[in-house]
Every structure is written in structure tokens, then in C-alpha cells.
Amino acid sequence: MRQEDNSIISLQPSIGQYFINELPLLLLCLAMLLVGGLPDCAYSTLLLVLSLLASLSLLYRFIYLRSIRYHIGSEQLICEHGVFQRSVNYMELYRVVDFAEHQTLMQQLCGLKSVTVLSMDRTTPKLDMTGIKNSYDVVSLIRTKVETNKRRKGVYEITNR
Numbered sequence: 001m002r003q004e005d006n007s008i009i010s011l012q013p014s015i016g017q018y019f020i021n022e023l024p025l026l027l028l029c030l031a032m033l034l035v036g037g038l039p040d041c042a043y044s045t046l047l048l049v050l051s052l053l054a055s056l057s058l059l060y061r062f063i064y065l066r067s068i069r070y071h072i073g074s075e076q077l078i079c080e081h082g083v084f085q086r087s088v089n090y091m092e093l094y095r096v097v098d099f100a101e102h103q104t105l106m107q108q109l110c111g112l113k114s115v116t117v118l119s120m121d122r123t124t125p126k127l128d129m130t131g132i133k134n135s136y137d138v139v140s141l142i143r144t145k146v147e148t149n150k151r152r153k154g155v156y157e158i159t160n161r
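With full-length UniProt numbering applied, the sequence shown covers 1 to 161.
Since the hints were derived computationally from the structure, they do not count as laboratory data. Take these hints with a grain of salt, some might be off.
As the list claims (entries may be wrong) - Calculated lysine-lysine pairs in the DSSO-like style (CA-CA distance at most 30 Å, straight line): (1) LYS126 <-> LYS153; (2) LYS133 <-> LYS150; (3) LYS150 <-> LYS126.
To be verified - Simulated DEER-style distance windows between Cβ atoms: (4) PRO39 <-> THR124: 49 to 59 Å; (5) ASN134 <-> ARG66: 18 to 28 Å; (6) ILE8 <-> TYR64: 15 to 25 Å; (7) MET120 <-> LEU141: 15 to 25 Å; (8) VAL88 <-> PRO39: 21 to 31 Å; (9) MET106 <-> GLU75: 33 to 43 Å.
Cβ atoms here follow ideal geometry from the backbone N, Cα and C, with glycine treated the same way.
With the hints as constraints, model all of the structure from the sequences given.
Laid out in C-alpha cells, this is it:
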């Protein structure tokens, strides 16, 4: 977590999330490389080419994951992502209605979590922040900013229960 000034906090998915997401393909790529390198393998060229293609895909996915940035500002939650084409999604904090934190088994082992932010925003009703370190209390931070924005804008939530 990096704080650029008093009001903007920037987060980035942990590198560990890459290994969690890509472990099956990493193992398959390694296996194809090892088997394709054996001298008596009938399909060594094919396996080496497939391994190279899988490696290129893994490299792209790594660069993509490292390009993701979450900025928690005083009024907006901003998500930047993309390699060849950058996209920036803005979520107004006063529109946020709910949060969820979840962890896969691998995330638990690596000390990571995913945070889902739900809003009434038309273009970005759901924002998933993956690979966030467990030690960052992102939900409390966002919740505080959401409440401040709702009070400032005079937004009141009416529930039908």
C-alpha cells in the first residue's frame, strides 16, 4: 500500500497472486519443457513450441497483473488495468453499498485476499480487488471514506426489510 498524498492510497495486487492464478499453466509449461527436452521424445519439437507459446501467455499475464492499480481517493475508487490498451474505471464512493472479503485456500496460505466492492454505479457496479495483502484493512478504509462522502452529499440509504 502506498499513500501518494493525504487522500489517495494506491494498491497493487501482490506477485503471489500471479502464482496462485497461474500455477496450473506454470506446471504444465515446465512439464512440456522438460519432456520436450528429452532426447528420445517423439513430439519434442511440438512440446517445445507449445511450451514457448504458454511461456508467452504467462509473461503477458504477469505484465497484466503488475499493471493493475487500485487508487482509493477521497471521493472515488479508481481501477487502472491493461497492457496494450489501458482502461480506467471510476467508482464514486458515495454510491458504494456493500463489501465482501474472500480468500481461496491458496490465498490463505499466501496471506492474500480478494475484496469485492459493490455499488449502485451504472458502469462499474462491482469491483474485484484481488491479491491484496491480509494486513491491509481495505474494507474499513473504504467504508470510512464512503460514510464521509454520503454525509457530505446528503445521501441516505433506505432499506426495505
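Comparing the hints with the structure gives:
Between LYS126 and LYS153, the direct Cα distance comes to roughly 21 Å. Compliance with the 30 Å bound is thereby established for this hinted pair. For the given pair, LYS133 sits about 27 Å from LYS150 by alpha-carbon distance, which is consistent with the 30 Å threshold. Simply put, LYS150 and LYS126 have alpha-carbon atoms about 18 Å apart, close enough for the 30 Å limit, and the pair holds. At about 54 Å, the CB distance of PRO39 to THR124 agrees with the hint of 49 to 59 Å.
At about 20 Å, the beta-carbon gap between ASN134 and ARG66 stays in the expected band of 18 to 28 Å. The hinted range of 15 to 25 Å is satisfied by ILE8 and TYR64, whose Cβ atoms lie roughly 23 Å apart. Checked against the hint of 15 to 25 Å, the pair MET120 and LEU141 passes, with Cβ atoms roughly 20 Å apart. Judged by the Cβ atoms, the range 21 to 31 Å given for VAL88 and PRO39 is violated: they are separated by roughly 51 Å.
In this structure, MET106 and GLU75 meet the distance hint of 33 to 43 Å, their C-beta atoms being roughly 34 Å apart.
Checked against the numbered hints given earlier, this structure breaks only hint 8.
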